[in-house]
Amino acid sequence: MLTTAVLRALSELESRVAGLRRADPAGASLEVMLNRIERPESARARLLEGDAMRVWPVPADAPASVTAFLDGVQESREIAWMGVTPLVWGRVAAVIRERRERRLYTWGAAPLRREAVYAPWSRMTQRDQALFQEFGLSTREVMDEETADGTGEHPFRQLQAATNAVKQDRELLENSLAEQFCARQAGTLYLDGPLPRAKSVHESERVVGVIKSHQTVYATGAALTLVLDLKEGERSSMFAIESRHRDPVASWYLRLRDPRGHGPFWGLVRLELPLLIAQQGGGDLADTWSGWVMAERSPLALPDGRWDTMAYGIRNCEEVLRS
Amino acid sequence: MNPHPSPASLLGRVVATEKRPNTPHQFHFWTSLDSPVGIGTIVRVEGRDPQQGVIPRIYGVVTEGESYSDLISPLHDVLGHDSDPERAAQAPTQRAEIRLYTAAVLRQVPDEPLQPVPMGAVYLADDADVEIALRMDVYLAAGTNTGIPVGVYRGGGMESPVYLDSDFLLGPEAAHLNITGVSGLATKTSAVEWLLSSIFAHFPESRGTVAAVCFNVKGPDLCYLDQPATLSDEDRRLYDRMGVPAAPFERVHYFAPYTATGASLNTLRSHPDLQHNVSALTWGLNEVLQYAEVLLNKDDVDAKADALIDFISMRVVGMQFQDDALGTQQYNVKSFGDLDRWFKDVIAAMESRNHESWRTHHIATMRKVRNRLVNIATRCQGLVTNDGGASDLPFGSFQDRSVYVVDVANLEDDAQDLVFARVVSKLREHLERRSLGVDHVVVFVDELNKYAPGDGHETYVRKMLLDIAERGRYLGLVLFSAQQFRSQVHRRVVGNSATAVYGRMDGDELATPGYAVLSPAIKIKLATLEKGQLMVRHPHFAQPIFVKFPRPAVMTGREGSRRFPPVPDIPFPDAILRSLRQLDPSLTMAAIEQVFALYDEAEVLKARDATMRARPKQVKGFFLDQFGRKIVAREPVAAPRAPLRSTPADDPYGG
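Chains A and B, in that order, are what the protein sequence lines are. Residue numbering for the first sequence follows the numbering used here, beginning at 1176 and increasing consecutively. Residue numbering for the second sequence follows the numbering used here, beginning at 8 and increasing consecutively.
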């Protein structure tokens, strides 16, 4: 949530910055508002195990071998308008919680945190930006390709661009922490979300990304049916996700909990490993990591509504970042 | 995560929420899971923001603790481990949990403005903090120190002496101490023994002199106060820490009535090696009559009887009495025996003249009062003498730092009440006249619920205890009382005890309304206190404080009974000789044995009592002189023999 300092600064700035109109930051964050209009997609992926998607049982009762959990949070709120340009306050933070003697402690000095006012500052006067900084508000440039050429000036697109910038900053923090962990710390890292871009991460077999949301599904037709029919303790074949936006990764679906009585996505997660590492390790590596992720099913991450797919360590990260 | 933090190390942080806010009298803080904080720990809060240029410091004592995890429902834990506790133990991660403590504010510095406790860092209190927190700095200043050590406060590896203010313990500001605790856990008697040692060692000269009168009401508890205990090194260290000598009391005097036969003293302190400071406690008619009210049943003795008793006290006892109705007979009533004879003559005179009243007193009243008064000597055998002689506490010559133990453990309840009423009344009289010999007297009474019960009819003893509790502090008459169940004692008696001490408590007692102000955690701690631990309330302490005191440096009753076993009943002559040997250890049986053949026991006892009261240099001579010349002149007189009955004339077997 916005701090009192930010609100006070905005109040001061309203009388000094021409055309600045404050907006009510209460209510849902932009992440929640904009996600409502995000479109789901299905995508084909290249199989890495066999010729067709199939079901693989995961070895039962694997020991808990994850030593740390990484998660980041972001929050974006529309706080003011300069004419038709929205100003978005964004806050990002990331933390690694290391497990020692079955208890979780913050790895490193402290969680990484940033906050700033996101806007296309280059289209405003330098004085305005300086005034914001003078009142203790960091500023962060938002450059959206479509708005830069003047074709996409719809305010929602600008809000979306600002939110994307906030997301990038969150990924940067996660990336930075993951890199530091791989460089300095032995042990395995359980990441919430896709693998970050860091080179050291993509050279490590000690990091796994666990994706809980399925806006994009990497299976179609019979393969999709097979994935959605996975039973508790089963995984799909590995496949490759290759995109110009990110480094290639190997991925597979894993059913963490018995879905009976729930929808097909209940308890379903997708795991990511660096592609090269996965190709070297093959199905055994996928089994091993699947077992380790399965071992994190308890304790439950309740009361979080995503508890069917969320590890307790990740919920703990979020609690730390929320505090 | 330091399990033994130094005093300056950070212990926790103050937290407050809308639902659980801090107030001027209470605050909350959290600590690491392995913090040494516990119920009763004293902590210091360093505020963040200055108040009028001063960073506020708040001192508090932990009264409640909570622990919880991020689990919303216990059912979630069950579900998470498939209802298998074994699996729960094997979960790879333990849930985040908190140790959240609630502390009651002991003091805020500065005192004004009094505000809610601010957010801030929490530290363990050290010696200096404890002194400030308990406002002991007010009375521990050099030159004006009136501190009496009551024990050491222990918390988080710290140990700090805790002092009571003698001005609030022994007067004049406030006074009295009450102890509550279950029996058999070395709380009540031990605590009083320790406190008396502490008072004798630390009571400032500027406040005058002090002595103690202890009523031993059961067993041998107080019978060995002059004998040393076997102390552990830890106990000795505590004595050193608090500057109290680890030694028994130097000056102890025991007083006990005689047994019903009157031959030996009715006390468990009867071992020959311990007789040097044991004296008889006996009273005659004069001493008892003014406290007759203690022994007489209110329902039995009405206003008419009261008037007659007053008449006897003022006009008959201890003076020459003559009445036309009694002819020329002169009466000098000094003993219960004399009184009985006087009654007998008066009633006989009335009956012979067929008068129903004498000097406005009805004959029925005369008969009833005679019955009740004369019966006192029987009900209090051993304490009340028939011959009028008295052996009493040394009222008027009490010595500083002395303990006077009155052993009434083997007396009947009535007699115990009489002893208690008279001794305390005499103490009060002397203190009012400043003629006791000391300026302050601590009176220790155990089983207070018996003497000052919260319910039941009004008794003389209860009225007297109420009077001491409410006015004793002005006189220097201080009541140290003890009982198992405080809730059963009269509220005004315990309410006027400025200092209250609690040992291990009974759960049922803690459930009574009087303990409603204590948190559940404090109650649990009270119900499980170890030996030697106490919770103390004192006017200077804003909250109760837990302290540890050392084992008393005096022999316990159990150990004393083993080391100095009481002598069993011995023959009458031996008992008399043993009494006299207290005055002259060289006395032999051969020197006095003739009196046992010549005189009956009553006469011998009278001579013995007279000798013990006079404490002459020539014990043998004085004792024998009590029998006059008869002792050499009279030959033993054989008891007359009844003649044999003659055989009846019609006895078929007769010769």
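Warning: the hint list may mix true and false statements.
[What the hints assert, rightly or not] Below, a sample of chain A positions facing chain B; criterion: calculated Cβ distance under 10 Å:
{"no.": "1", "residue": "R1214"}
{"no.": "2", "residue": "F1244"}
{"no.": "3", "residue": "S1473"}
No wet-lab data here; the hints were simulated from the structure. Remember, it's a predicted structure, so these values are computed and weren't measured experimentally. The beta carbon of each residue, even a glycine, is placed where N, CA and C say it ideally should be.
Here is how each hint holds up against the structure:
The interface hint given for R1214 (chain A) is broken, as the beta carbon of that residue sits about 34 Å from the closest beta carbon of chain B, more than 10 Å. At a threshold of 10 Å, the smallest CB-CB gap from F1244 (chain A) to chain B is about 9 Å, leaving the interface hint in force. The interface hint given for S1473 (chain A) holds, since its Cβ lies 4 Å from the closest Cβ of chain B, which is under the 10 Å cut-off.
The structure fails to meet hint 1 from the earlier list, while all remaining hints are met.
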